[in-house]
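Protein chains in written order, with this note's numbering: chain V, 692 to 1015; chain E, 1354 to 1722.
Hints are computed from structural coordinates only; laboratory data are not their basis. One or more of the hints may lead you astray.
[Stated by the list, open to error] Quick list of in silico lysine to any residue cross-link-like pairs, SDA-like style, CA-CA up to 25 Å: (1) 738/V with 1513/E; (2) 943/V with 1708/E; (3) 724/V with 1541/E; (4) 944/V with 966/V; (5) 738/V with 1514/E.
Bear in mind that the values here come from a model prediction, so they are computed numbers and not experimental data.
So the chains spell out like this:
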Amino acid sequence: MAQLNMVQAINGALTHEMGRDDRVVVLGEDVGKVGGVFRVTEGLYDKFGEDRVIDTPLAEGGIIGTAIGMALYGLRPVPEIQFSDFIFPAFDQIVSEAAKMRWRSGGEYSCPMVIRTPVGGGIRGGLYHSQSPESLFIHTSGLKVVCPSNPYDAKGLLLAAIRDDDPVLFMEPKRVYRAVKMDVPEEDYEVPIGEAKVVREGDGVTIVSWGAMVYEALTAAEQVGQDGVDCEVIDLRTLWPLDVDTIVRSVKKTGRLVVVHEAPKTCGFGAEVVQRVMEQAFLHLEAPPVRVTGWDTPFPYTLENEYLPLAHRIAPALMSTATF
Amino acid sequence: MSDASDDPLLGLRHVIRDDGSADPDTDPFLPEETLLAMYRELLKIRRIDVRMLGKQRQGKVGFFGTITGQEATPIGTAFATRQSDWVFPALRESAIMICRGFPLSTWLAQAYGNSADVLKGRQMPSHMSGRAVNQVAWSSCIGPQIPQAVGAAFAARQRGDDTVMVGFMGDGATSQPDFHSAMTFAKRWNAPVVLICQNNHWSISVPTEKQTASKTIAVKARAYGMPGIRVDGNDVLAVYAAVDEAVRRAREGGGPTFIESVTYRIGPHSSSDDPTRYRSAEEVESWAAKDPIERFERYLRKAELIDDAKRAAILDELEAEIAAAIDAVEDLGPPPRESLFEDVYEALPPNLAEQRDALRALPEAPKGH
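Chain E on its own, in the form it takes in the complex (with noise of 0.2 Å):
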């Protein structure tokens, strides 16, 4: 790394400057149509966990993840990378499914788990996936997917394809063997893959100071031999600029590139969660002032992209879709029970067509948890 500025011991890579500004030296100087839609999606997934805390709250859906002040990360990169590129999500990443076309209602029909959920209401919510758009299922477990996301990199290029992997994890998650491997693998393989770290300073109740003593999270890609790179994780354009500018370089045949996207989980870490057991409202307040959309509509009033009045015409029509997407599926019935025997293996062993049929001769077990 010649250029200093890409020490990840140096500091943030920043776009947008609190006065709305954006940094010449390092604005991806996006078309105003984009800049638009990222702004759209950026209220749209800050609107959906709005409504989707309330449903859990009614007790609608069991249980959400909110994505909430960390939304710049999985938008940013839903805009610099190609349809064609594979996403391997962890928590916070679903919403670049949305952003990448996949239906809202459908999207939303697995925090149900009903019979609209491509998944076949298997799995808890918060956990979306389809293969629609290339984002890869995932467990709730820390890390699996991190090595996933190399391998499927390496095969890409094996197939002769250009298509690049996004694997995605938790600063939680960099503690963990799969990531160390990952990380071995990858610049050992030199693999066309963009490895995002969303450092939300919290694995549920344990800060990433105790989670390691490293001083920041990207300098340990140096050990592995390739580029880290560390982030304003609220700041869209930094993102954008420094997940478009790795997936090039993987694209290219560069190989892999670590960044360490700098965040914050303003909400619980899940709908479960009580945050006041272990950090300060005045924490959450110091960064609820560096949101990122609010950020972002700085720089966009700034250069006069939007106003009061834009802004409150999209609010509109994003309500409008929002409950039309959540009108359409959340009175839907679960998948049917046998569901429960299907794609264990590819075709239905003797033992499952046999627990199948046990279970078809029983009464439906009872409603509710």
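Isolated chain V (complex conformation) (with noise of 0.2 Å):
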């Protein structure tokens, strides 16, 4: 089996389906002949042809909006925003407009789409490089937000997207990309959207997290390991729906929570699953549940480190949750 990064994970998945189903094009900045600028989009252009892997106007607004038109006509388009910072001409589209369609339409109209977008710090991006929008979206019912964290969740959630009848968003932590090799299989399989997954078992607290920031969380609970605090892992994989079960299940073993986003922390998606479990395992609780996260502050270029919840400072609010 192939040891591949997530990019080249991605660029199979994209390149399995287009060979798979016609009704898959590729559109956005950069996505054509030079391959994105994360490369992952390389070679589709050679392989697929520029009507289906489009280098479009730089115009993320018409970029989205086009590929509605798209998806209504009847194709699945992949649009890429070149990095999530710039999503926001977008906005509009995306949560007024493919979040609303079905249910405008009285379900007449869907919009089957995977809008794909690189998120996250630890780059040296700066503010319109790094953000982690998530919550904005989870916020807009209609969508479906996806964030893998290595590339055979990447693989498999983006087959399980593009297959999907409703709009998903598609988070790629940039941080990832190119960090992580794994096994990953040639052939096709999806990982379920909705499904998170236990990545390191244990019972004494449940960190919950996603993204780039499940390697931190893993390192932190070695490190608390070692003073006998014995963590359990969620990487959720799909933030919405959200798979509550699985985060509810290990609270009731563990009854400790501490959810780790970089995402600033004031409306971020931990205060949600932080709600969730209040409401369905409260009286498992031993400790009060806990945020580590980025500050509430717009994401820093010198001081990045300082910003992100690195496992530095996971794993003191491991040993406070865990001694509390």
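These two chains come separately, so use the hints to put the complex back together.
In structure tokens form, the structure reads like this:
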């Protein structure tokens, strides 16, 4: 089995699905000849031609607006927003249009499409190449939001997303793109949307995270493990619809919860995760749930590692939660 | 653009002259039955406006956006397109659905938002759409449908279909980024799309001259590399001819066309608007004198296709048809409250199933607003 990084795994998924289904088209800024600024779409242009791998004009609203039209007509567009920080010119098309098309048309029209976009920090990208805007999209009914943390899940989730009949926001943690290699099967497989994964078992503290911060959570778990705190780490993989059951099952076992995400704390998705646990496992809690997150500031360039909830910030939170 | 008459700065395309005769150079020479069918549709939607504004005043419907004075654009477009062509409407094009055979009672049910509404009571009145007639569902936000029409046109061509997309907007929408990107993408892709701006001179209270310093709206098309046509939007035959030409060009692979249809909103922006706060009665009167239906009627009378008796007979028929359609739906109840949770996603996710069950356990909410 081939050892692939996330860029290769996503590229493989796109190549596979475009070969299998001629309704699938890729469009966005620089996705064609150059293969995307992260080279995720490399080779697709030569393989499938400029009518299916489309270098668009530089207009995110136009990219998503036209992709919606394509989806309405029956294509399966996979538009790319080059950085999730650039998604806001398309915000109206995503939240008012794609997300609401099925509902506002009484179920007569739908927008099956996958908006791929790199998210998160860790590449010294400053405030406009680093953000994690997932909460804004989860708050909008009608969208599914996915964020794989590794190459295997990235391929399986992307195939599931393209075949899904609803619009999916597919967030790719750019810090992980080339940092991790693992076995990725060549054959067709799906990782179901809506299923979290327990990536480390333990009965001391439950850590819920996603994307690049899963690795930080695992590192912190190893650190506190040396002090006798045995953490269970859940990689959400799909942010919405949320796999509440997997989280609640874990918290009922551990009685303690720490949520880790890069996005700012206030109204971050961690708040929703915590509240779900309060609703369904309140009497099992041994300590107040804790959030370790980005600060409520814009994302910095020089002080990037001060902003990110890295292992050195997670570990103390785990210890204080474990000893509350 | 080789023909100087195509220059959007050189004035409007007309067919019907003031005396009711047609300019033989621009007349589309439609068959009699088509002309009479157009006339019937024009009268019908004018009459629907009167009835529905009345219903709004009586409190039977919550809101209504009339198209009085602007009927020529939707009707001309409906007759110049095929049933298989798609329409991406804005606020004043829903009448196209009626021309294309959408049942009037179901169309009216949308204004009542009741159990016969295919949109399940989810949208404000005057936001009609229907897959049965390829009229795409739209939002109250201004402009997002324009790039969507372009994308759908790209898709139709890619699938090997000869479907043409028609995307509508008002003059205010041409200030939006979505207009700019739609125009950019449309010509860049040479997409089979016709983009039609109903310039009715007012975006609620803001006149077109405050909207843009551009001399015309049609001229903007030039910079995007596509034909920009300026047509008299109160002349149904001129609209028909312009849209017909643009649709043919799109279908034959000639790419997009932008049409500015110059007209006037005789009524308020909507039933919630008071236009006396921002425009003069004289201005409205001057445009009322250019009424598109009266103008077309002069043409039909001169051609001896109608007379007072025929007109009265058509109006009687329409009155009965509209009254029957209203009666069929007016007293229907609301959609079932659980329908709120349908169609958010293709399948019901756990959180919505939980909320649906929570709603079911509640007493019904108080009625009224």
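Checklist line | Violations among the numbered hints, reported as their numbers in ascending order | finding: none
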